[in-house]
Amino acid sequence: MSLNLEQALQTFIAEAYELLEEMETCLLQLENNPADLDAIGAIFRAAHTIKGSAGLFGLEPVVSFTHVVEDVLDRLRAGDIAISRTLIALLLECGDHIHYLVDVVAVRAQQPDAAATEREAGLRQRLQLYRQTSVSEAVSTTPGVSAVRQERGSSFDLWHISVRFGTEVLRNGMDPLAFLRYLNSIGQIVRITTLADSLPELSQMDAESCYLGFEIDYQSDASKAAIADAFEFVRDDCQLHILPPHSKTEHYIELIKNLPEQATLLGELLVASGALTLKELEDGLQQQVDAALKPATPLGEILIEQRFVEPELVQAALEKQNQIQEHKSKESRFVRVQADKLDELISLVGELVIAGAGANLLAKTSQDETLYEATSTVTALVEQIRDGALRLRMVPIGDTFNRFQRVVRDVSHELEKQIELQISGADTELDKTVVEKISDPLMHLLRNAMDHGIESPAARLAAGKSATGVLKLNAYHDSGSIVIEIADDGAGLNTERILQKARERGLVAATAQPSEQEIYNLIFEPGFSTASAITSLSGRGVGMDVVKRNITALRGTVDLSSAAGLGTKVRIRLPLTLAIIDGFLVGVGDASYVVPLDMVQECIELADDSKAAAEPRHYINLRGEVLPLVFLHQHFNTGGGQRRRQNVVVVKNADQKAGLVVDELQGEFQTVIKPLGKLFSNLRSISGSTILGNGKVALILDVPSLIQQLAQQQVQPRLALQTPALRN
Amino acid sequence: MATMMTTRQQALAPEDAQYLTFTLGGEMFAIGILHIKEILEYGHLTTVPMMPAFIRGVINLRGAVVPVVDLSARFGRPSSEVSRRSCIVIMEVEVDAGVQDVGLLVDAVSAVLEIPASEIEPAPSFGARIRADFISGMAKVNGKFVIVLNVNNVLSVDEMAQLAEAAQ
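Those sequence lines, one after another, are chains A and B.
Each number in our numbering corresponds to the 1-based position in the first sequence with 111 added.
Each number in our numbering corresponds to the 1-based position in the second sequence with 90 added.
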């Protein structure tokens with residue numbers, strides 16, 4: 112494992128940000144439910160972990176400030192002080208300040224500027240009110256041997272830590288001493304024995320390798336996990352055994368067995384430290400030997416048989432062990448993987464899908480039954496791998512949503528409005544790249560809703576609504592896309608005012624009478640804002656057009672509905688992933704096109720009679736419904752004669768249906784999306800390309816923009832055509 | 091005179107001394123080989139609808155989709171007829187964030203020549219029947235002039251994208 116300091120620091124930064132986010136979420140939870148002890152615990156742990164890790168990297172400003180915060184949190188956890196709104200506000204500010212410190216000290220390797228120092232002094236002063244004393248402030252920052260002065264008679268009530276650092280530790284930029292120093296910051300090292308047994312002859316020694324091990328007797332109130340966390344950064348690189356105070360003899364015996372050094376040596380060591388008596392040691396070792404001869408009797412049972420311990424005690428110990436294991440497995444449920452490694456894997460899977468399709472095609476043409484069967488199996492598996500690989504990138508949108516709690520809280524304070532954010536569908540998953548890019552547009556929309564949508568409490572009461580405005584964030588999956596809704600119960604959009612503004616700015620001709628939907632769409636135009644006063648939040652007219660642009664760039668759409676006095680709802684529709692889609696392959700002339708399968712409703716043959724009828728009108732009767740047709744041949748101007756038999760692929764986007772008239776239906780196809788590049792960036796109705804099994808390139812139809820384009824094109828000619836028709 | 095020589099040499103980048111020559115509509119052109127990634131035989135090409143004539147289509151280059159520009163059409167002449175000797179020259183073109191591969195459809199490639207900077211004359215302001223900003227110089231090869239193309243202008247992705255939008 113190649114772990115250098117820079118990488119470890121990056122991990123720390125990422126973790127710190129996550130922890131701060133978690134801290135914030137928990138604080139907001141506390142605000143609603145002050146009795147939530149879990150939340151207090153989580154906040155404390157977050158601060159504690161940040162402090163600890165920052166200490167490892169010597170990020171002094173972070174450590175010293177976080178230490179003060181941690182102190183207060185500790186008192187809060189112990190119930191010495193009560194949670195209050197002011198305390199939560201203070202802690203939120205502290206969280207922001209820690210975030211700033213991490214930003215400055217760890218990311219940019221600078222010192223905090225004067226303004227920050229001043230702010231910190233203010234925060235410290237306010238925190239001081241919640242702290243009992245100020246004397247312990249310097250303790251954590253001056254680790255050293257001086258702490259090891261209280262000699263204990265016996266280490267029976269002490270933790271026992273055995274650690275053997277791997278040879279690579281120093282090369283990976285870790286200093287074993289740093290860990291020991293850190294231990295001193297969360298407890299006290301009472302006795303420490305350095306084991307240099309594995310140190311080779313001087314001539315063979317590599318000065319860059321670490322050969323040392325330590326046996327530590329340690330006094331601390333920290334949990335086992337917290338102590339183990341101290342060794343987080345070398346966990347893969349060292350052998351670590353932690354025995355809690357009052358551990359049973361057999362645990363020590365087991366420890367001795369697990370360690371590479373000679374049993375007697377370690378035994379003596381433990382005896383010397385008073386954890387074991389000589390007799391206990393001998394008995395324990397002897398029993399282990401005996402037990403090894405008998406078929407697998409667990410140590411616990413041996414001891415019960417010999418009435419050394421009560422069965423209940425063993426039971427309790429086992430339970431405890433299970434709990435610790437459970438905790439461990441929870442910890443390891445997440446693996447931090449670099450994003451580019453994942454991208455590489457996904458693009459490789461993409462290649463695999465293409466190659467697999469090629470092999471499948473060959474097998475089909477070879478007419479070898481067994482070969483075809485074999486490739487089909489491979490294809491099915493590849494499909495599963497593709498889905499699995501894509502799922503790796505899927506994350507629930509809830510994290511993004513929860514981040515807005517704070518925004519809503521702060522903004523509503525600033526605007527002196529009462530706003531409650533309700534979140535639903537937080538576990539709806541979508542591609543990580545999409546999540547990252549959707550966060551900013553969502554923020555804009557939320558701010559807009561708070562600033563323009565929701566009225567002041569007085570106005571709300573006057574309108575007969577409750578003083579607290581409700582902002583709803585919802586997400587759900589719908590036919591291959593994710594839909595995100597932002598709804599407020601505010602005043603709704605004032606169509607008159609929008610129209611008036613649009614006319615002032617020349618966006619709409621003075622005589623034109625746009626429909627309601629068209630008026631709503633105006634607010635997505637660049638430079639449009641109806642707010643009479645520009646606030647710090649919104650009203651500058653940047654925002655909505657940026658929102659629309661960002662969403663369009665993600666192949667998504669945004670629409671808006673509103674009811675005067677009842678509120679506004681913005682609906683964003685996004686594709687789930689940007690990498691691979693299920694496609695439906697159709698042939699038009701010599702070329703093949705891919706229609707996203709999620710949008711395909713059905714395929715029907717365009718019979719000759721209905722074709723004759725459809726030709727001049729461009730729509731057919733689909734079971735009583737009017738289905739507008741798109742003749743792709745004509746639309747793309749591909750040339751070449753039309754086939755006699757044509758098919759209609761019925762596609763649906765949002766609530767619009769259309770029929771694509773194509774020559775050939777070629778079936779489903781796993782489509783690895785290849786971007787077409789900048790040259791084609793302005794090309795509407797084609798969203799990308801893909802490579803078919805035979806190596807040819809096929810283009811992917813952008814159904815929504817195709818339909819939109821046709822609708823726009825036809826507005827003008829139809830008006831021109833209808834006038835003479837009316838005359839007839 | 092001496093200073094003029096050095097400035098011109100710098101402008102033409104002395105390491106760019108090797109050129110690929112090719113024919114297009116019976117005329118010979120040259121491009122610096124540093125821009126060239128590889129030369130392919132003309133193979134299957136997918137037409138992209140609603141694009142101007144000079145964007146011939148896209149090809150599959152070992153898993154990447156690469157646009158192919160019809161050089162003749164780009165010069166405002168009729169589109170190239172595909173023959174047995176037609177080739178696609180894959181070039182690296184600078185775009186705002188890095189480089190992009192673009193294929194160039196030519197009638198036939200001829201040779202890689204070493205042309206010293208002293209043999210390259212500045213472009214005439216008119217008379218070459220192609221846009222002046224497409225020409226980086228006129229090289230003398232065996233007593234005849236060969237037009238050395240300015241690849242970044244000929245294959246300017248920004249400009250071509252704009253033209254493509256206007257064509258829709």
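Treat the hints with care, since some could be wrong.
[Stated by the list, open to error] A few chain B residues that face chain A, going by a derived Cβ cut-off under 7 Å, partial list only:
#1 Gln-108
#2 Pro-157
#3 Val-185
#4 Gln-190
[Claimed, not checked] Where chain B lies over chain A, by a calculated footprint (3+ residues, C-beta under 8 Å):
#5 487-498
#6 604-613
It is worth saying that the hints were derived from the structure and are not from the lab.
We put the CB at the ideal spot given by N, CA and C, even for glycine.
Quick rundown of the hints versus the structure:
| no. | hint | verdict |
| --- | --- | --- |
| 1 | Gln-108 | violated, 27 Å |
| 2 | Pro-157 | holds, 5 Å |
| 3 | Val-185 | holds, 6 Å |
| 4 | Gln-190 | holds, 6 Å |
| 5 | 487-498 | violated (count 0) |
| 6 | 604-613 | violated (count 0) |
Going down the numbered hints, you'll see the structure goes against 1, 5, 6, while the others check out.
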